[in-house]
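Visitor: If you want the building blocks of each chain, they are given just below.
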Amino acid sequence: MSLLIVGTVPSEGVPVVEGTCILRDGQIRIGHYEFPVNRGTPALIAFACEVARLFGIDPPQALLAGDIGKGDGSERVYSRLCDTVSNREQKFIVFHYLMPDVQWLGRIMIRVQDLAMRPTMIADAGFMYVAKMGGMAPEFDLFTPDVGEMAFLADDSAPHPFYTRGFLLNESLRIPELINMAYQNENAARYLLVKGKVDYVASRDGIVAEISEPSIENMEPIGGTGDSLTGIVSALIASGEDIQTAAISACKINRFMGLLAKPTPAWGIKDFLPFLSNAIQEAENCP
Amino acid sequence: MIKKPRFLDKVAKQLRALGSSDNGDPDRGLLLFTNTSDVIKAERALKKENLEISVKGPPPSVRTGCDLAIEFDLNVALKVAHILAEHRIEPLNIIPIKDVLLEPVSLFQTKDYGEFLMVRAANMKITIRKADARIVNISGGGCPDVPYLADQLVGKTLEDCPPPISIGQTLCGYALHLAYEELKRSCRC
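Read top to bottom, the protein sequences are chains A and B.
Per the numbering used here, numbering of the first sequence is gapless, rising by one per residue and ending at 287.
Per the numbering used here, numbering of the second sequence is gapless, rising by one per residue and ending at 189.
Incorrect hints may have been included.
Unchecked claim - In the BS3-like style, the derived pairs of lysine-lysine whose C-alpha atoms are separated by at most 27 Å in a straight line are:
no., chain 1, residue 1, chain 2, residue 2
1, A, K262, B, K130
2, B, K130, B, K47
3, A, K197, B, K56
4, B, K156, A, K270
5, A, K270, B, K56
6, B, K47, A, K70
7, B, K111, A, K70
8, B, K56, B, K156
9, B, K41, A, K262
10, A, K262, B, K47
11, A, K197, B, K47
12, A, K270, B, K47
13, B, K56, B, K130
14, B, K56, A, K70
15, A, K70, B, K48
16, B, K156, A, K70
The hints are simulated quantities; they were obtained by calculation from the structure and are not laboratory data.
All figures in this text were calculated on a predicted structure; none of them were measured in a lab.
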């Protein structure tokens, strides 16, 4: 598999770490570094690793650094990516928890646009924010926003979900309208996977799928359920599935994990990993 | 030792420039900082001195990424500068407000899970167990301090945990703080 996951880990003092990811004993190992699978980029990696193992493809590669929100680790990651993206073999890149920075976005995109073979690019979390803010959203192949982030993508004036105008967060405004607004304003990737009570998979042509079952209310408060979804869909795409099919499958798999696990709102995301294999089977059997 | 208040000179120059411009004598200014962490520290320091300030989104021409700025009354600019100097916080710049500023999200959503209660502010969610007000989960957000904040807060009670604003660095951290405050209000009701 030629999947590269670019993000951060919530520790100070972790330098740029690069290499093949191994999921073992509830930890992500990259070289001699270990990271717990609580939420964030390590959670995304864990689920991508497990999908890769189950589908018999190579584990993902990662490019990470420690960042507790000061932006220093993100900057190191941006810099390394900028220096190396032209020579990388990965066909698929996932951008995750990174401090939004339009200048670094610009530098990276200039190099990506010069590549003979542009990689498939998936963005979630902070990098999705900066992709939208920097006017580069249409350059991406998949965004995976939640409902609040979908409102932010729809709001042409918002540079961050924190500033999304209230009327867009109102439940009465339907997600399909927000999706339409995002595409009209060129603030959406080629595909959107909107995670929520109902998951939507959409493209510029409109909604291509709505997934609402099984519905597990207790999943929403659990930190990392969006990261698991992005990890699953990324690995499915890297395994050869087209983006639309992979997005629909990933939504079902994430939901079936919830159904099989029967979590309380106090669960952690790593508690779902043992249910992933059966959830994939259940999703395959679900029309 | 208190840092030399270089910003005092900067404020004085800016105020002179504002006075000689034809901006229609704006009475509100905007403090811009190099990072969100400084905004959070400045807000805390200025509010402690009972100054009327508010956190806003800077105008598009000066945005760089994960931005916050502080709107304040230009009439108290020097007092603001003194307070910031005292706290060793040096803003990047001061500008008059000519554009309509972005308002932070003010809409909260509360969801009752029986044994648990969740509050959402913007893209951030925080969930407690009602019995002991212990934080059991933090979700949403996309800035790199979110996983760090979750590590620091989950497992602690609302009373025992550090306020998210004290260790958060970004807009997501700030949104989490709003959700935390709303949750504390809900628990008092």
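Visitor: Does each hint hold? Answer for all of them.
Guide: Hints, verified against the model:
Among the hinted pairs, K262 (chain A) with K130 (chain B) is consistent with the structure: their alpha-carbon atoms are about 20 Å apart, no more than 27 Å. For the hint pairing K130 (chain B) with K47 (chain B), the CA-to-CA distance comes to about 31 Å; that exceeds 27 Å, so the pair is violated. Simply put, K197 (chain A) and K56 (chain B) have alpha-carbon atoms about 31 Å apart, too far for the 27 Å limit, and the pair is violated. Only pairs whose Cα atoms come within 27 Å are accepted, and K156 (chain B) paired with K270 (chain A) is accepted, the gap being roughly 20 Å.
Note on K270 (chain A) and K56 (chain B): the hinted pairing is violated, with a Cα-Cα distance of about 37 Å set against a maximum of 27 Å. Annotation: proposed proximity of K47 (chain B) to K70 (chain A) holds, straight-line Cα distance about 23 Å (limit 27 Å). Our distance criterion of 27 Å between C-alpha atoms is broken by K111 (chain B) and K70 (chain A), whose separation comes to about 31 Å. Proposed proximity of K56 (chain B) and K156 (chain B) is contradicted: the alpha carbons are some 30 Å apart, above 27 Å.
Only pairs whose Cα atoms come within 27 Å are accepted, and K41 (chain B) paired with K262 (chain A) is rejected, the gap being roughly 42 Å. Annotation: proposed proximity of K262 (chain A) to K47 (chain B) is violated, straight-line Cα distance about 45 Å (limit 27 Å). Of the supplied pair hints, the one linking K197 (chain A) and K47 (chain B) is violated, its CA atoms being roughly 39 Å apart against a limit of 27 Å. A threshold of 27 Å between alpha carbons decides the hint, and for K270 (chain A) with K47 (chain B) the separation of about 40 Å lies outside it, so the pair is violated.
A hinted pair counts as satisfied when its Cα atoms are at most 27 Å apart, and K56 (chain B) with K130 (chain B) does not qualify at roughly 33 Å. The suggested pairing of K56 (chain B) with K70 (chain A) holds, with an alpha-carbon distance near 20 Å, which does not exceed 27 Å. Simply put, K70 (chain A) and K48 (chain B) have alpha-carbon atoms about 24 Å apart, close enough for the 27 Å limit, and the pair holds. At most 27 Å may separate the alpha-carbon atoms for a hinted pair to count; K156 (chain B) and K70 (chain A) meet this at roughly 23 Å.
This entry does not satisfy hints 2, 3, 5, 7, 8, 9, 10, 11, 12 and 13, going by the numbered hints stated previously.
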